[in-house]
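Just so you know, the protein sequences line up as chains A and B, in that order.
So the first sequence is residues 1 to 112, counted in our numbering.
So the second sequence is residues 113 to 225, counted in our numbering.
Hints listed in this document are in silico derivations from the structure and should not be mistaken for laboratory results.
There could be a bad hint or two in this list.
Stretch by stretch, here's where chain B covers chain A in the computed footprint (C-beta under 8 Å, at least three residues) [said to hold, decoys possible]: (1) 37-46; (2) 102-112.
Part of the chain B face toward chain A, derived, beta carbon under 8 Å [stated by the list, open to error]: (3) Gln126; (4) Tyr145; (5) Lys154; (6) Glu168; (7) Phe173.
Yeah, the Cβ is synthetic: ideal placement off N, Cα and C, and Gly gets one too.
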Amino acid sequence: GNSVTQMEGPVTLSEEAFLTINCTYTATGYPSLFWYVQYPGEGLQLLLKATKADDKGSNKGFEATYRKETTSFHLEKGSVQVSDSAVYFCALPENQGGKLIFGQGTELSVKP
Amino acid sequence: EPEVTQTPSHQVTQMGQEVILRCVPISNHLYFYWYRQILGQKVEFLVSFYNNEISEKSEIFDDQFSVERPDGSNFTLKIRSTKLEDSAMYFCASSGGSYNEQFFGPGTRLTVL
Numbered sequence: 001g002n003s004v005t006q007m008e009g010p011v012t013l014s015e016e017a018f019l020t021i022n023c024t025y026t027a028t029g030y031p032s033l034f035w036y037v038q039y040p041g042e043g044l045q046l047l048l049k050a051t052k053a054d055d056k057g058s059n060k061g062f063e064a065t066y067r068k069e070t071t072s073f074h075l076e077k078g079s080v081q082v083s084d085s086a087v088y089f090c091a092l093p094e095n096q097g098g099k100l101i102f103g104q105g106t107e108l109s110v111k112p
Numbered sequence: 113e114p115e116v117t118q119t120p121s122h123q124v125t126q127m128g129q130e131v132i133l134r135c136v137p138i139s140n141h142l143y144f145y146w147y148r149q150i151l152g153q154k155v156e157f158l159v160s161f162y163n164n165e166i167s168e169k170s171e172i173f174d175d176q177f178s179v180e181r182p183d184g185s186n187f188t189l190k191i192r193s194t195k196l197e198d199s200a201m202y203f204c205a206s207s208g209g210s211y212n213e214q215f216f217g218p219g220t221r222l223t224v225l
């Protein structure tokens, strides 16, 4: 079945640093890909998505490009803020209308 | 903006008791899900529900669990006899079906004592 692997955390950065969180996947076909974010004490929020190869999803300064050649969907941000401190999950569906498969989550801590 | 809501936000129960977790999905969505997250761990799929029946369930979703859509708006998860290891954050999600974008509720933190 489909699967996703994320880089392990925690990741600690200083404010305004560049962020990359790696995510690679294995899948049948070309499913949509997602990044979800979980702020401390809160639920999961969709951060961004890409629905086909070479699509770039973006939101709140974060970007991720759907790369089928490398089966990757790395999350990037040029300049992180303290408020970006959260756990980030890469995810993809197992099949149409089916469950989401989540990566193990990467905790990001941004220091002032 | 439409959102998924869940109640209660926190439920404390004694081992062996029944609990019902409630969710109101986004109104025009067709697919409904429950996931759980044990503290500090991965988000795990429990069950999906479509067209008034379970479409898929995980190994976690044993006979102690059941789901129901009792009316046109609510979607419930029942745990018949809670165990200590059921303590987790339970998330409800819904999806319109296309592209599988799922919208999550804020979660119910279940604590079994």
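In rising order, the numbers of the hints this structure does not comply with: Result: hints 3, 7 break, sorted rising.
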